[in-house]
Each structure stands twice: as structure tokens, then as C-alpha cells.
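Chemist: Listed below, chain by chain, are the residues.
There are 2 protein chains.
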Amino acid sequence: MKSKINIQTIAKALGVSTSTVSKALNDSYEISQETKERILAFAQQYGYSPNPYASSLRSKKSKTIGVVIPEVGNSFFAAVIKGIESVARKKGYHVLIYLSNESFAKEQIILNEFQSGRVDGILMSLALETNAFGHVEKLMEKGIPTVFFDRTPYSIIASKVVTNDFELGYHATQHLLNKGCQKIAYLLHRHHQGHSHQRMEGFRQALADTQIQLLPSQLIYCDSNVDNISITSALQQGRFDGLIVSAEELVTPLYQVCKKQQISIPQQLKVLSFCDFPLATVLTPTLTTIKHPAFQMGETAASTLFKQIDKPQGLTNEVIVLRSEIIERESTQG
Amino acid sequence: MKSKINIQTIAKALGVSTSTVSKALNDSYEISQETKERILAFAQQYGYSPNPYASSLRSKKSKTIGVVIPEVGNSFFAAVIKGIESVARKKGYHVLIYLSNESFAKEQIILNEFQSGRVDGILMSLALETNAFGHVEKLMEKGIPTVFFDRTPYSIIASKVVTNDFELGYHATQHLLNKGCQKIAYLLHRHHQGHSHQRMEGFRQALADTQIQLLPSQLIYCDSNVDNISITSALQQGRFDGLIVSAEELVTPLYQVCKKQQISIPQQLKVLSFCDFPLATVLTPTLTTIKHPAFQMGETAASTLFKQIDKPQGLTNEVIVLRSEIIERESTQG
Chain C
1 MKSKINIQTI AKALGVSTST VSKALNDSYE ISQETKERIL AFAQQYGYSP NPYASSLRSK
61 KSKTIGVVIP EVGNSFFAAV IKGIESVARK KGYHVLIYLS NESFAKEQII LNEFQSGRVD
121 GILMSLALET NAFGHVEKLM EKGIPTVFFD RTPYSIIASK VVTNDFELGY HATQHLLNKG
181 CQKIAYLLHR HHQGHSHQRM EGFRQALADT QIQLLPSQLI YCDSNVDNIS ITSALQQGRF
241 DGLIVSAEEL VTPLYQVCKK QQISIPQQLK VLSFCDFPLA TVLTPTLTTI KHPAFQMGET
301 AASTLFKQID KPQGLTNEVI VLRSEIIERE STQG
Chain E
1 MKSKINIQTI AKALGVSTST VSKALNDSYE ISQETKERIL AFAQQYGYSP NPYASSLRSK
61 KSKTIGVVIP EVGNSFFAAV IKGIESVARK KGYHVLIYLS NESFAKEQII LNEFQSGRVD
121 GILMSLALET NAFGHVEKLM EKGIPTVFFD RTPYSIIASK VVTNDFELGY HATQHLLNKG
181 CQKIAYLLHR HHQGHSHQRM EGFRQALADT QIQLLPSQLI YCDSNVDNIS ITSALQQGRF
241 DGLIVSAEEL VTPLYQVCKK QQISIPQQLK VLSFCDFPLA TVLTPTLTTI KHPAFQMGET
301 AASTLFKQID KPQGLTNEVI VLRSEIIERE STQG
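Which chain is which? The protein sequence lines are C and E, in order.
Residue numbering for the first sequence follows my numbering, starting at 1 and increasing by one per position.
Residue numbering for the second sequence follows my numbering, starting at 1 and increasing by one per position.
Simulated from the structure, these hints should not be mistaken for lab results.
Owing to the predicted nature of the structure, the values given are computational and were not obtained by experimental measurement.
There's no promise every hint is true.
Which chain C residues face chain E? A few, computed with CB under 8 Å, are given here [said to hold, decoys possible]:
hint: 1; residue: Y46
hint: 2; residue: G73
hint: 3; residue: S75
hint: 4; residue: H94
hint: 5; residue: L96
hint: 6; residue: I97
hint: 7; residue: E113
hint: 8; residue: K138
hint: 9; residue: P216
hint: 10; residue: T252
hint: 11; residue: K259
hint: 12; residue: Q261
hint: 13; residue: Q267
hint: 14; residue: L279
hint: 15; residue: T281
hint: 16; residue: L283
Mimicking PhoX-like on lysine-lysine, the simulated pairs with C-alpha atoms at most 20 Å apart in a straight line are [unchecked claim]:
hint: 17; chain 1: C; residue 1: K106; chain 2: E; residue 2: K63
hint: 18; chain 1: E; residue 1: K91; chain 2: C; residue 2: K90
hint: 19; chain 1: C; residue 1: K82; chain 2: E; residue 2: K106
hint: 20; chain 1: C; residue 1: K91; chain 2: E; residue 2: K106
hint: 21; chain 1: C; residue 1: K106; chain 2: E; residue 2: K91
hint: 22; chain 1: E; residue 1: K36; chain 2: C; residue 2: K106
hint: 23; chain 1: C; residue 1: K63; chain 2: E; residue 2: K106
hint: 24; chain 1: E; residue 1: K90; chain 2: C; residue 2: K106
hint: 25; chain 1: E; residue 1: K106; chain 2: E; residue 2: K91
All residues carry an ideal CB built from backbone N, CA and C; glycine is no exception.
Turn these sequences into a full structure, and let the hints guide you.
Modeler: What follows is the structure in C-alpha cells.
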């Protein structure tokens, strides 16, 4: 192990003051380029890295943004994060990812943690369980720059980047109606919130506009441990001719049930998924999906956040709506 | 906005010394349970949260572990993270996720950052691009507890949690040989490293043990922007009867090419994937995969790390090998 290098030892070795070293390492305009380079080269050679806690206390900036997402292993959030990172990299910021695992309790703990100033700004998509927003309100009161994306707290005034959820639900339903479906089911998580409400409202409205009454049996709720039995019995009893899958992880159980019960897609049941993912193109039949501008959502949310970080005063809350589009494949044809 | 609460205001309000407040908040044995509860209740009521940077400087612990993974949107790493979190939660630690995006440069930046003590320990799986380990060696020299998992630096002595990669490659190949395959291709990323080497060595050995010579054309390399053209031409020229897919994201292009070129799986080409994921069960044909103990790998890596954090002296490096198993499905039948 090397002996410990600090600002004092660097100053002594190079015959300059500690304040010169400190200013040089902080890229101060008071120090000449030549001196800066000499000090940086020495610091690098001897593996000196400033303590981030100490330097954060001085600058009050952590140069870090926190991203709260409900889960990993999901193509949508993976693409959003790539978009966020592409913007953060240019600004010289680190991106830290916090997982709520769809848990309201975990989300509260994470937000509580943020109150103490560990990050300079927050990008957040809510957990499925979250239906109350006290923890979000508390965070906003602290004045930490925050932008919500995709799953946002509908009752809170804040900057948000969303897709046109109501329209999506409406157009998806219209797509199935245009294909001749008359009895459309809607497959969703038991805990659902904000954006799925909007999509479901679009679904309701599209049916209402076609004088079709929505029966409770058309909403098929799945528990977090998705069990195929509830889907099987709902499909058997409902005799649906169309179905909207509202979450990526519900596609596998649906295809499993249809295969086992010999329900042929699209002949007997036309299926549309609110989530797009690469394997949708090789399923049998290939799956009609809605393609969300996930990378762009990450970019936009991060850019909006940096506007807040750079100019915390006098910014109005922006709600930016991005457009998603239906990618028609075999599962809704014929 | 509330007025700022700090240790001084709490002390004044409750008529105790600031040192009593500080000790109570740090759960010191010097303070009575009753006083602790009174102080905690007050702190909570007025939304006091200690500055983590300041308290980290005092305790020299951030109560945070950093997890470096190459990508999100992958079922394997998603399950590993769940395993890590289940252990960290019990220990009262935060888990922060750092993404290398398979980039060697990004990985170097992240590890450099860690040198300054932002986290108490590191769990890490290497980027595909990483073939040199100077940045890892530098980190190890600093004495920060570190455990590698899945993709590990083969030439570095460190604690590692891995699967039996060589055996996996060997058994997967044997599985295809037993099904009658004679000319087996191996689909992989151009940048591959450590663990894939071991798996590929197992593949080579299994062929050698059956007196089959491995031709260079049997290794089909894909660029990071996977293009179907190179897979198509390799399959057309190679006339393979078996194929091993070495990464989850290569399954979609392979199935796309086979569909387009009317190569029927498993009749003409038997396919086995080194990665298991839910949709493997609904592909046509369903895909034979290797199921890795991903959650268990996360648990084991985290437990090993906490042993190091709790007792930094005198620990030997452990290499723990977990077992994976072949899940046979339709793609290798017949």
C-alpha cells in the first residue's frame, strides 16, 4: 500500500501553498495553466483522489444525480437509463440508480435518504404500490431538483416527462375495435397507478364512444407473483376476442396460458402489448406492441433536471408529453 | 419551507447537550433508551436528517455498497441485484448501482471514483470490453473490500463468486453432441472476456474429447450493434446442425434469421442458450437454456463482501463456485 498523499504532501513536494494545490485541483481561474498541469500530473502520478465527502461539503455539490426506478430487467427502463446517461455524461455528472422494487416502503426510504443532500437532483418513476404521495411532497418541500418520468404522481405539481397515456389507451382500443374485436379484456397488475389509470381511462373512453359497456370481468388483475391460474379462468369465463397487456412481464404468462389452453392468437384472441421489447418480433405470433420513446424520455427528463440544477430559481414546472406509436404485428392481424 | 433543524436546535428544544443529541442519533450505549427515544421522536417530527457527508466524515462509513454491472435490461443481472439487495437490507446498507455499459473506459472512471471512499465495499461484474485489469489492481491496492461475480478478472487474486463456466461449456456441448449434432457453432460478442473464455474452453474441450476439430468458422462473432447479415451469412456458409447462443441479447437476432431463412429449429439446427429468461418458455420452439443461480449469486457475493467489510483484516480470498443447470426445451429435442 502506498503512503497517504494529501494536499499538504503535494504542496510540500512541489513547493507551493496548500491553497494553490486546492485551487488547482478545483480548476480555479486564479491558478496558471502551467501550475495546474504540474499539480494535476503529480496528483495523478501518486494516485491522489480528493475525498468526495470533504469536497462535497465544500462545494455543496455531489455532481451526482439519483435515478429511482421500480425495477431492472425491463427493456423500457434500460433504454430510459441509457438516455439519462447520455445527457449526464456530457454534464460531467454521475448517475446512481436506486431500485424501489415496486415497493412503496422502499421508495419512502430512498426519498428520505435524498433529503439529506446526497444527490444534486432526482429523476424518478413511481413504484406500482405507490398510491399516496406524502413522501414525494416532503421531498419537493426541500427544494431538491426533481423530475418525474413515465409513472408520475398525478396529484403533485412538478416537472414530468410522460407519454400520451390517455391517447395510447384510446388508440390501442380503437386498433382492436377496428380489427373486429367486440369484447376486449385488459390485463394489469393488481397494484397499478397514475399512468396506467390514464391508459385505462383511454380504454374506457374508446369503448364508451363505441357504445360498448365495460364489464368488471374485462379487467383481469394479476398479483405480483403472476399466477397463470387466474389468467386461465378469466379467459375461459370471459370469452374475449381482444386483449391488452399492460406490462412487459405479463406477456410470458399470457402466451403460456394461450398455448396451454389452445387459444389461438390472433384467430380467437387478438393481443396488443403496451410494452415493446426485442423478442416481440420473434414470438409466435409476433406481438403488436406500442413503441415508447424510452431513450428520448431519459434524455428529456435529464435535460429538464439539469435546467433546474443549473438555475434553481424561477423555473416553472414543465410537463413534456412524448408520443408513442403502435407497431402492428401478427397478433392483431386478420 | 420549514426552518432548518440541526443538532443545536434539537439540543436547545429538549434541554440537553449537543453531544447527547449526536450520541443518541448514533445509537450510542452512553445514552439511556428513554432519552434516545425522545430525541429520535423530535428529530423525526421536525424532519431532521443528518448530512450524510458530514456523518460519513465522522464515522468513515458510508453504509453504502456499490454494485458495478455492465448493463440493465437483462434478466440475469436483475435477479443478481435482487439477491444483493436482500442481504444489504438486513445489514442496513444502501445499494447503489453503477453501469459500465460494457465500456472499459466507463469502468475505469467508476473504479477511480471508488478510490476516494464513496462506498464501503464493491460488488463487480466486468464489462465485455475489459481485457486489462490495471484499474482493478489499483482498486485492490487501496484495500477497499471488493468481491467479483460472474464476469471476473481471471488473472487477479480476489474474492469471486462464479458459476462452473468451463463445465457449463462442456456440458452444453455434450448435450448437443448427444442429440446427434456434429457441426456446432458458437455465437458470441466480438468483445468477450473471462467467463466466456472459460465457457468456450469447455466447448473446445468437449469437441476435442469427441475427436472433432474446431474450425474458425464455427465461432460466429457479433458486433455490439448486432447485425443479422453476419449471422445469416455464417449460418448459410457453415451448414451447422447445432448452435450455442452465449448472450441473452443474441437470441432475438438468431430467431429472426432462422425464421427469415426458413432454418427450422430443432429439425435443421438445434439451439441452446447460455442464458435463461421468462420468454424462453413461449418462443417457438421453446428454447433450451442454462439456468444460472442468479439470485443466489447476488446473495453469496453480498454475504462475502460483508464478511470483508466487518472484518477487513486477515480474510483470505474466497472463490465460490455455484452450479448452473441445463433446462431442456423443444429447441434441442428430436
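Chemist: Does each hint fit the structure? Answer for all of them.
Modeler: Checked hints:
1. A cut of 8 Å between beta carbons decides the hint on Y46/C: the least distance to chain E is about 12 Å, and the hint is violated.
2. For G73/C, the interface hint holds, since its Cβ comes within 8 Å of a Cβ in chain E; the closest pair sits about 3 Å apart.
3. For S75/C, the shortest C-beta to C-beta distance to chain E is roughly 5 Å, which falls under 8 Å, so the interface hint holds.
4. Checking H94/C against chain E: minimum C-beta separation of about 7 Å stays under 8 Å; hint holds.
5. For L96/C, the shortest C-beta to C-beta distance to chain E is roughly 5 Å, which falls under 8 Å, so the interface hint holds.
6. For I97/C, the interface hint holds, since its Cβ comes within 8 Å of a Cβ in chain E; the closest pair sits about 4 Å apart.
7. For E113/C, the shortest C-beta to C-beta distance to chain E is roughly 7 Å, which falls under 8 Å, so the interface hint holds.
8. A least Cβ separation of about 7 Å between K138/C and chain E falls short of the 8 Å threshold, and the interface hint therefore holds.
9. For P216/C, the interface hint is violated, since its Cβ never comes within 8 Å of a Cβ in chain E; the closest pair sits about 28 Å apart.
10. Here the hint on T252/C is kept, as its CB sits about 4 Å from the closest CB of chain E, short of 8 Å.
11. Here the hint on K259/C is kept, as its CB sits about 7 Å from the closest CB of chain E, short of 8 Å.
12. Because the smallest distance between the Cβ of Q261/C and any Cβ of chain E comes to about 13 Å, over 8 Å, the interface hint for this residue is violated.
13. At its closest, the beta carbon of Q267/C sits 16 Å from a beta carbon of chain E; the interface hint therefore is violated under the 8 Å criterion.
14. For the restraint placing L279/C at the interface with chain E, the shortest Cβ-Cβ distance is roughly 5 Å, inside the 8 Å limit, so the hint holds.
15. Hint status for T281/C relative to chain E: holds, with the closest Cβ pair at about 6 Å, below 8 Å.
16. Of the supplied interface hints, the one on L283/C holds, with its beta-carbon coming within about 7 Å of a beta-carbon of chain E, less than 8 Å.
17. With a C-alpha separation of about 16 Å, the suggested pair K106/C and K63/E falls inside the 20 Å cut-off, and the hint holds.
18. For the suggested pair K91/E and K90/C, the alpha carbons sit about 36 Å apart, so the restraint of at most 20 Å is broken.
19. Of the supplied pair hints, the one linking K82/C and K106/E holds, its CA atoms being roughly 13 Å apart against a limit of 20 Å.
20. Distance check on the hinted pair: K91/C and K106/E sit about 15 Å apart at the alpha-carbon level, within 20 Å; holds.
21. Between K106/C and K91/E the CA atoms are separated by roughly 15 Å; this keeps the pair inside 20 Å, and the hint holds.
22. For the proposed pair K36/E and K106/C, the alpha carbon gap of about 25 Å is over 20 Å, so the pair is violated.
23. For the suggested pair K63/C and K106/E, the alpha carbons sit about 16 Å apart, so the restraint of at most 20 Å is met.
24. Taken as a hint, the K90/E and K106/C pair is honoured in the structure, with Cα atoms around 13 Å apart against an allowance of 20 Å.
25. Under the criterion of a C-alpha separation no larger than 20 Å, the hint pairing K106/E with K91/E is inconsistent with the structure, at around 29 Å.
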